[in-house]
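Here's the letter readout for the chains.
Protein chains: 2
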Amino acid sequence: MASTTKISPLAPKGGFPKLPVIDGIRFSTIAAGVKYSDRTDVMLAEIAAGSAIAGVFTKSSTRSAPVLDCQSKMGRVEDDAKGFAFLVNSGNSNAFTGGIGVSAVEAITRKTADTLALPVSHIYTGSTGVIGEPLPYDKITNTLDELSQTLRADRIEDAARAIMTTDTFAKGASATCEIGGVEVSVSGIAKGSGMIAPDMATMLVYIFTDAKISQLGLQEMVSRLNEGTFNSITVDSDTSTSDSLLVAATGTSGANVEDNETFERTLGVVMKDLAHQVVRDGEGATKFVEIRVEGADNNIDARKVAMSIANSPLVKTAIAGEDPNWGRVVMAVGKSGASADRDRLSIWFGDVLVAKNGWVSPDYIEADAAAHMKNEDLLIRVDLGLGAGQSTVWTCDLTHGYIEINADYRS
Amino acid sequence: MASTTKISPLAPKGGFPKLPVIDGIRFSTIAAGVKYSDRTDVMLAEIAAGSAIAGVFTKSSTRSAPVLDCQSKMGRVEDDAKGFAFLVNSGNSNAFTGGIGVSAVEAITRKTADTLALPVSHIYTGSTGVIGEPLPYDKITNTLDELSQTLRADRIEDAARAIMTTDTFAKGASATCEIGGVEVSVSGIAKGSGMIAPDMATMLVYIFTDAKISQLGLQEMVSRLNEGTFNSITVDSDTSTSDSLLVAATGTSGANVEDNETFERTLGVVMKDLAHQVVRDGEGATKFVEIRVEGADNNIDARKVAMSIANSPLVKTAIAGEDPNWGRVVMAVGKSGASADRDRLSIWFGDVLVAKNGWVSPDYIEADAAAHMKNEDLLIRVDLGLGAGQSTVWTCDLTHGYIEINADYRS
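If you read the sequences in order, they're chains A and B. Counting from 1, position 410 in the first sequence corresponds to residue 1175 in our numbering; the numbering is continuous, with no gaps. Counting from 1, position 65 in the second sequence corresponds to residue 830 in our numbering; the numbering is continuous, with no gaps.
Check each hint, because a few of them may be wrong.
Which copy is meant is left open, so a pair is good if it fits within one copy or across any two.
To be verified - Distance condition first, Cα-Cα at most 20 Å in a straight line; then the derived EDC-like pairs of lysine to aspartate or glutamate:
(1) K838 x D879
(2) K824 x D1106
(3) K904 x D803
(4) K800 x D903
(5) K783 x D923
(6) K1139 x E1169
(7) K771 x E1169
(8) K824 x D1062
(9) K1121 x E898
(10) K824 x D1108
(11) K1037 x E922
(12) K1037 x E1141
(13) K847 x D788
The set of hints was computed from the structure by calculation and includes no laboratory data. As the structure is a prediction and not an experimental result, all values here were calculated from the model.
Chain A on its own, in the form it takes in the complex (with noise of 0.2 Å):
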């Protein structure tokens, strides 16, 4: 299915970006056949000893047998003197799949760690594909001796097309930051959010900085840039039992970015564009939707407006339409559970002011706001006028292409 698929219309023009090398990770790819033929299905990072690992994970209650394990093992450093390891397939997201998961997972990191001659603690596992089948592990274990002979630093590129699923390009984003009169550089794959039966949309992030931070300050500055980038979009509201993010800093740069704010700038626009990246690559989508709410009572009443309007199907519907349907917008604040005072409200499609005060604006008019709803990339600005409360949050449109996707088919 993935042959068939076309590159979607927002994907970022130019292909895949050129990602700076990072000192002390290399990569290598191999076709496992764990679903897919003709293609890698897995990717081996190898990450150097001495590195900071980050992460965080769905909140799913229903989450994966490799999320688990990656989260049980998350801080932990079981011998300084060695590295840690990346290993994850596409094709089978070994997710529901009781007791055989989690021995699917102990194969699998028992056989990187002998390969790797790496203690079992320190590698991350990551699987996203279809659901509730037992992972064919042996087909992964298999290749994992190939795979330790065939690493190689430049091969970030390769890496991200071997996580992919039904995403119909591969993901990458890279800066760099001066630290200390040190260069910086901060390189990040992810997948996510294709679709394609039975399989579930998984996001999958990887990204690694030569930067020198402590385990606990690398995941304090990812947890943080988690609110603001991955756990602000949306594609269709519905939570994957997989995502995972995780963040290798290797230190070999030698500049210490420890409560570093021009670094954590850095490490955010990696995160942010990435994010959208994921939701240019929506199901279905055409439209790229930047949700901008402020004058809340606070961050909190603001991020449900935001994400009230973000996954509302009649707001994504109305944009599918290019319909700057700004009557749906109001049902969104309405519903979305936050204070707010219909006689306060103000809407903007763009630069476009749409409604005021409760009210359509006495200065509208509607071709404004329709041409503004022409373009590919899209705000929808709300200014509620209680407060100081603000949260930005990113969508896409929901089509016909989303109901092919997931609704065409018999399994």
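With chain A's structure known, arrange chain B on it following the hints.
Below, chain B without anything else, positioned relative to chain A:
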């Protein structure tokens, strides 16, 4: 647009049901030209003195002027010797219309009160249709004389037709019971949840009975029943700014139903029937789906899980595709926020046990579940295996029809 709409495939067979006449209630309708031409769009229900009126309304923070006006009047009886009236228009929802909207409600309730010689506080209005446009209330007030002169007890079907917007069929239901040897009747009508640009889905429900009950007793009964009926349906998770349910009990049968469980069950039958009809007229719906959740820690958790499944675009598209995609049900359980243990979860499609104790059932034959999915009426049952909490909700599938209705136009 209404003229080209095909009747929902899920509409009750046999057309509008024959509803018992309720002594003390009379109806009239007229084509006022609020927005539509060539059809009735205003209905008046005259309600005898001594009746009890109860109601529940949308919790939206951006609710319409008529809703706010009704809420302010609920439970008030200014003059025991005077009756009540419901005055409802389609074509314009008078929502998000600022101070002009309040003036429109005042003008309509004043004219209705004057014409029928009733206190203004005894007049309840409802409006459904386009949002954000001033309601041309003079078109309505101009019809009051004729409306008041054409009232008849047997015109409830006409009333049901006058309040339709893009409903594909008129909705009515009734039930009777015997209380102390006296037959008590309940007849109700509803509209929802079709929608055309730029209208909003609105659910309006009016129920009449000749039972004798206090306002407080009726209100408590209606609020209680509402949870398991209208509050347990969802088409697309979007909440209208105008949803209103009003129940009038005339007492003309002489049967006292204060705290009477038989009557409460009877009223519940009518409310559930009308609620199901709203789902059966859901936009683009081809399947009517009951979601039954058992074994939750408590009823609140059960409801969270049921609504998470019922509102999941991935579950709804799978249903549209007649795909027994239980992985998406697992996903929806996981994201619901309710307590769940993956390894205690069981899922049935109809009578077919699909997943058990966190993995696909050893006896599962996909063809059996696929056969169930071909039905028009479906059941998805989930047992969380934790406690005694349960909840049942009803929804429909998500199809190309929904996208066509809501996206394939330009306003």
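Hints violated by the structure (numbers, ascending): The structure breaks none of the hints.
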